[in-house]
Amino acid sequence: MKFKMKTLAAAAALAFAAGTAQAQISGNVVKIGVLNDQSGLYADLGGQGSVVAAKMAIEDFKAKEKGLDVEVIFADHQNKPDVGTQIASRWYDTEGVDAILDVPTSSVALAVAEVARNKHKVFIDSGAASSDLTGAKCSPYTVHFTYDTWMLANGTGKAIVKTGGKTWFFITADYAFGHALERDTSAVVEKNGGKVLGDVKVPLNTQDFSSFLLQAQASKAQIIGLANAGGDTINSVKQAAEFGIVKGGQNLAGLLIFLTDIHGIGLEKAQGLILTETFYWDLNDQTRAWSKRFAAANGGKYPTMVHAGVYAGVLHYLKAIAALKSDDADKVMAKMKATPTDDPLFGKGTVRADGRVTHNAYLFEVKKPSESKGPYDYYKLRATIPADEAFRPLNEGGCALAK
Amino acid sequence: MNEQRYERVGFAVMFVAFALAPFVIYPAFGMQLLCFAIFACAFNLLIGFGGLLSFGHAMFFGMGSYLAAYASAAWGFPIELAILTGAATSLVLGVLSGFIAIRRQGIYFAMITLALAQMVYFFCLRAPFTGGENGIQGVKRGSLLGLLDLGQPIAMYYVVFAIFILAFLLIHRIIHSPFGQVLKAIRENEPRAISLGYRTERYKLAAFVMSATLAGLAGATKAMVTMNASLTDVYWTMSGEVVLMTLLGGMGTVFGPVVGAMVIISMQLYLAELGAWVTIIQGAIFVFCVLAFRRGIVGEIEAWLRRRKA
Amino acid sequence: MNTQALFGQLLIGLINGSFYALLSLGLAVIFGLLNIINFTHGALYMTGAFVSYFLLEKAGLGYWWALVIAPIVVGAVGVVIERLMLSRLYKLDHLYGLLLTFGLALMIEGGFQHEFGSAGLPYSMPESLQGVQNLGFMFLPNYRAWVIFASLVICFSTWFLIERTKLGAYLRAATENPSLVQAFGVNVPRMITLTYGLGVGLAALAGVFAAPIYQVSPQMGSSLIIVVFAVVVIGGMGSIMGSILTGFGLGIIEGLTKYIYPEASNTVIFVIMAIVLMIRPQGLFGQR
Numbered sequence: 047m048k049f050k051m052k053t054l055a056a057a058a059a060l061a062f063a064a065g066t067a068q069a070q071i072s073g074n075v076v077k078i079g080v081l082n083d084q085s086g087l088y089a090d091l092g093g094q095g096s097v098v099a100a101k102m103a104i105e106d107f108k109a110k111e112k113g114l115d116v117e118v119i120f121a122d123h124q125n126k127p128d129v130g131t132q133i134a135s136r137w138y139d140t141e142g143v144d145a146i147l148d149v150p151t152s153s154v155a156l157a158v159a160e161v162a163r164n165k166h167k168v169f170i171d172s173g174a175a176s177s178d179l180t181g182a183k184c185s186p187y188t189v190h191f192t193y194d195t196w197m198l199a200n201g202t203g204k205a206i207v208k209t210g211g212k213t214w215f216f217i218t219a220d221y222a223f224g225h226a227l228e229r230d231t232s233a234v235v236e237k238n239g240g241k242v243l244g245d246v247k248v249p250l251n252t253q254d255f256s257s258f259l260l261q262a263q264a265s266k267a268q269i270i271g272l273a274n275a276g277g278d279t280i281n282s283v284k285q286a287a288e289f290g291i292v293k294g295g296q297n298l299a300g301l302l303i304f305l306t307d308i309h310g311i312g313l314e315k316a317q318g319l320i321l322t323e324t325f326y327w328d329l330n331d332q333t334r335a336w337s338k339r340f341a342a343a344n345g346g347k348y349p350t351m352v353h354a355g356v357y358a359g360v361l362h363y364l365k366a367i368a369a370l371k372s373d374d375a376d377k378v379m380a381k382m383k384a385t386p387t388d389d390p391l392f393g394k395g396t397v398r399a400d401g402r403v404t405h406n407a408y409l410f411e412v413k414k415p416s417e418s419k420g421p422y423d424y425y426k427l428r429a430t431i432p433a434d435e436a437f438r439p440l441n442e443g444g445c446a447l448a449k
Numbered sequence: 002m003n004e005q006r007y008e009r010v011g012f013a014v015m016f017v018a019f020a021l022a023p024f025v026i027y028p029a030f031g032m033q034l035l036c037f038a039i040f041a042c043a044f045n046l047l048i049g050f051g052g053l054l055s056f057g058h059a060m061f062f063g064m065g066s067y068l069a070a071y072a073s074a075a076w077g078f079p080i081e082l083a084i085l086t087g088a089a090t091s092l093v094l095g096v097l098s099g100f101i102a103i104r105r106q107g108i109y110f111a112m113i114t115l116a117l118a119q120m121v122y123f124f125c126l127r128a129p130f131t132g133g134e135n136g137i138q139g140v141k142r143g144s145l146l147g148l149l150d151l152g153q154p155i156a157m158y159y160v161v162f163a164i165f166i167l168a169f170l171l172i173h174r175i176i177h178s179p180f181g182q183v184l185k186a187i188r189e190n191e192p193r194a195i196s197l198g199y200r201t202e203r204y205k206l207a208a209f210v211m212s213a214t215l216a217g218l219a220g221a222t223k224a225m226v227t228m229n230a231s232l233t234d235v236y237w238t239m240s241g242e243v244v245l246m247t248l249l250g251g252m253g254t255v256f257g258p259v260v261g262a263m264v265i266i267s268m269q270l271y272l273a274e275l276g277a278w279v280t281i282i283q284g285a286i287f288v289f290c291v292l293a294f295r296r297g298i299v300g301e302i303e304a305w306l307r308r309r310k311a
Numbered sequence: 012m013n014t015q016a017l018f019g020q021l022l023i024g025l026i027n028g029s030f031y032a033l034l035s036l037g038l039a040v041i042f043g044l045l046n047i048i049n050f051t052h053g054a055l056y057m058t059g060a061f062v063s064y065f066l067l068e069k070a071g072l073g074y075w076w077a078l079v080i081a082p083i084v085v086g087a088v089g090v091v092i093e094r095l096m097l098s099r100l101y102k103l104d105h106l107y108g109l110l111l112t113f114g115l116a117l118m119i120e121g122g123f124q125h126e127f128g129s130a131g132l133p134y135s136m137p138e139s140l141q142g143v144q145n146l147g148f149m150f151l152p153n154y155r156a157w158v159i160f161a162s163l164v165i166c167f168s169t170w171f172l173i174e175r176t177k178l179g180a181y182l183r184a185a186t187e188n189p190s191l192v193q194a195f196g197v198n199v200p201r202m203i204t205l206t207y208g209l210g211v212g213l214a215a216l217a218g219v220f221a222a223p224i225y226q227v228s229p230q231m232g233s234s235l236i237i238v239v240f241a242v243v244v245i246g247g248m249g250s251i252m253g254s255i256l257t258g259f260g261l262g263i264i265e266g267l268t269k270y271i272y273p274e275a276s277n278t279v280i281f282v283i284m285a286i287v288l289m290i291r292p293q294g295l296f297g298q299r
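Chains as they are written, first to last, in my numbering: chain D, 47 to 449; chain F, 2 to 311; chain A, 12 to 299.
Okay, chain D solo, but in the shape it has when bound:
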């Protein structure tokens, strides 16, 4: 009798608790929105692949078994801040989205971060470059995975100087992003004993770099830093091959370049290029296993570090929710910052007070065609940059949360 009462009471208490826990997950569903460029410049970098990565994270986390109902939706922000903010607002307000993931293109990311801040909802970015997301424009609701301009500049700059590339010449895209990349990298180069011999500022979306490459050749710098991105970088690299720059003894340093760009340029022209990324499918057994699964679900296309960032971000987010049994944004943000990140892709890392996620970064060199065994086998590891060195120190970003 007593035993029964106890069991009954326990059962009732459990049911009540479960009921309350359920009620603390808004709408009884954890809804994740993957917002990125599905059709334009960054479609290969993120695009549908990010959705695949998010779904894999939900599967691997065994959300169902833990009693969590998780849904993923996605949309194309077309690299337009207006479209991005409209979708983000609508998602947060009327569609019960609890967290937005990915969001490449810094202008959109910064705008969406504002929306998330105003609406007190979670925003986990793994696609954008701007270090302002965790700096001057930081927000208590932003988590920034994968990379940012500071990390790229420092990673690539410092590691190259340390491995012998002392004299630099920059080909810089003539707008804020390019300038910032050049400025940050120059500072690192000079701090580590290198020398910047000169630079040339090139208008954005220039098709023909021959004139600027000629100037870079004439400077006789050991390293030609490409402070540009996307199509500009691809064009610079292709045309540099044409002018025999690498054959002539100079090396190119891509300051913002991804696996998918190398795929587009081809090893013939990209060989010898030095770059920094925080994930590569062929790093270790875990990354290899994951990437095989990813490629199978993504039409044979291998993952980029942005995809990896989405996976890691979703995983960490779900861990926090499961531990709290709530998707309340403030609590989840606090939990994410209090828990170290740990996943098979980035290894161990931390979510800092300013929202920046720190993990290892890697300096890669693009293989020669003869060294590659197949598509996407493009990189050889040149150096590993430990997490505490790879990202901007907490107190240097100008973020109010860092104090």
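Treat the hints with care, since some could be wrong.
[Claimed, not checked] Computed list of lysine-lysine pairs in DSSO-like fashion (alpha-carbon distance at most 30 Å, straight line):
#1 K108(D) <-> K365(D)
#2 K338(D) <-> K419(D)
#3 K371(D) <-> K394(D)
#4 K413(D) <-> K102(A)
#5 K414(D) <-> K101(D)
#6 K110(D) <-> K365(D)
#7 K419(D) <-> K102(A)
#8 K413(D) <-> K266(D)
#9 K338(D) <-> K69(A)
#10 K413(D) <-> K108(D)
#11 K141(F) <-> K377(D)
#12 K338(D) <-> K112(D)
#13 K69(A) <-> K414(D)
#14 K110(D) <-> K377(D)
#15 K165(D) <-> K141(F)
#16 K371(D) <-> K108(D)
#17 K185(F) <-> K102(A)
#18 K381(D) <-> K112(D)
#19 K237(D) <-> K413(D)
#20 K377(D) <-> K165(D)
#21 K394(D) <-> K365(D)
Hint data in this document are derived by calculation from the structure and do not stem from the laboratory.
Place chains F and A on chain D using the hints.
Just chains F and A now, kept in the frame of chain D:
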């Protein structure tokens, strides 16, 4: 009877529809619609009534957007002044570009406006105040005239609605004024207008500047709605979109641009998942309209109404 | 200023000028003879580059094949466009032609973008044209030298075809006074169709030239086309020789700007356009 009555009825329908809209659709979306409706109406003033196809209107929309955003974020202007700043900037830009562009007509005029808009785009890309690729954030709506708090979407919606109605009525006034009549005459037959003694260059320039200013007003309002400004506002695809809205809605009709804007903006948002298909569909609409649907939606409706009466 | 470096930049400017000249030539041919502003030009240039890519990837047919096949394929597409759509617009305001070709450009670019994304596809340089020549003041890639040479030949041949041959005379007459020429028994609609095909074929050819050195991507045409429009406005839209000379000339000026003041190199052509319009609205070689 008919022309006036038709316009009054149309206006009443439009007024009521937009007034009740925030209870049916998401207010932020409705505000976006209204801003682009103003933009399309401004563009229509130039093409539909002035006969000049500008392929560079994004420069007015975008600069209006940038200056309003900057005025609010960096100078702390209240919303009314920020919007006025944006519109005023476009007015100045309209005068400057008008001087260069008005010298030629037809296709040349279109090409020139396109090229000028590209220059403005490149300028915005590099100028520090625009925030370059990142755009301007941190725009504050604040309160209207210090009285009405605009943090609530509904409140902001009705402010935008009021701006739209004012702009619409202003354009209506321009079209039906003596100035508007001369403009139409120039569009029909410029040599004859010149022979009648009209300084057609001045009229065209005036129409151009008015269109530019109103486009700037649209951009400025949009900046306050979305609370940011970015390069997409000055890129040439924005110029193409406003042409599409006006063409689809009906060039030279009073309500056409509004309808066109509604269709295109809705399509962009609701088909956002389809990615590149949006571009293809927009292209297809262009082709279809030019080949088989030149009067546009409202134009076809008006033609049908006229046939019914006959 | 280093004269050696200067020569290098001038030569590079000449190379860019070749692209401008080829593309503005196609536009000028179409506009001069048909009075259509062909917005689709950029998209068809891009299509030409893609056709080359496909010929290589799927059929193993290299660069030299592409030079012949791509313009024919794209030219055929142009013929279809003209027959099915453009021909219906001749009686209307020319602006409709502009809007139609703009819409077609969106469709073509959107279609390619949907299929291929935006990262761009690799196209390797033909073996015979690889390598560089050491000219003393710079290393000139052989391929670029080829581009200059080939463009000059093509531009000149086209000019000759239109201005100095009987066929060209018929074409010019047909656009000035179609009914009269038709009365003489010349098949005017067919001439017009062929002209459009020729114009876009030139664009496709430029695309093949571009494939090995520029990124083969769906957007490659749209950034270029606006500059080419400016070139054509500066040159004066009716004159074929005008657009050739202006194309090369502006390429050189742009090249110089890249050396002296690179930040302005993408706006210099537009600035020149604005100036030319103030002083001589019909363009440098155009007629009023």
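Results of checking the hints against the structure:
{"no.": "1", "hint": "K108(D) <-> K365(D)", "in the structure": "holds (11 Å)"}
{"no.": "2", "hint": "K338(D) <-> K419(D)", "in the structure": "holds (15 Å)"}
{"no.": "3", "hint": "K371(D) <-> K394(D)", "in the structure": "holds (24 Å)"}
{"no.": "4", "hint": "K413(D) <-> K102(A)", "in the structure": "violated (59 Å)"}
{"no.": "5", "hint": "K414(D) <-> K101(D)", "in the structure": "violated (35 Å)"}
{"no.": "6", "hint": "K110(D) <-> K365(D)", "in the structure": "holds (13 Å)"}
{"no.": "7", "hint": "K419(D) <-> K102(A)", "in the structure": "violated (60 Å)"}
{"no.": "8", "hint": "K413(D) <-> K266(D)", "in the structure": "holds (23 Å)"}
{"no.": "9", "hint": "K338(D) <-> K69(A)", "in the structure": "holds (27 Å)"}
{"no.": "10", "hint": "K413(D) <-> K108(D)", "in the structure": "violated (38 Å)"}
{"no.": "11", "hint": "K141(F) <-> K377(D)", "in the structure": "holds (27 Å)"}
{"no.": "12", "hint": "K338(D) <-> K112(D)", "in the structure": "holds (26 Å)"}
{"no.": "13", "hint": "K69(A) <-> K414(D)", "in the structure": "holds (25 Å)"}
{"no.": "14", "hint": "K110(D) <-> K377(D)", "in the structure": "holds (22 Å)"}
{"no.": "15", "hint": "K165(D) <-> K141(F)", "in the structure": "holds (15 Å)"}
{"no.": "16", "hint": "K371(D) <-> K108(D)", "in the structure": "holds (15 Å)"}
{"no.": "17", "hint": "K185(F) <-> K102(A)", "in the structure": "holds (21 Å)"}
{"no.": "18", "hint": "K381(D) <-> K112(D)", "in the structure": "holds (18 Å)"}
{"no.": "19", "hint": "K237(D) <-> K413(D)", "in the structure": "holds (29 Å)"}
{"no.": "20", "hint": "K377(D) <-> K165(D)", "in the structure": "holds (15 Å)"}
{"no.": "21", "hint": "K394(D) <-> K365(D)", "in the structure": "holds (14 Å)"}
Checked against the numbered hints above, the structure violates hints 4, 5, 7 and 10; every other hint is satisfied.
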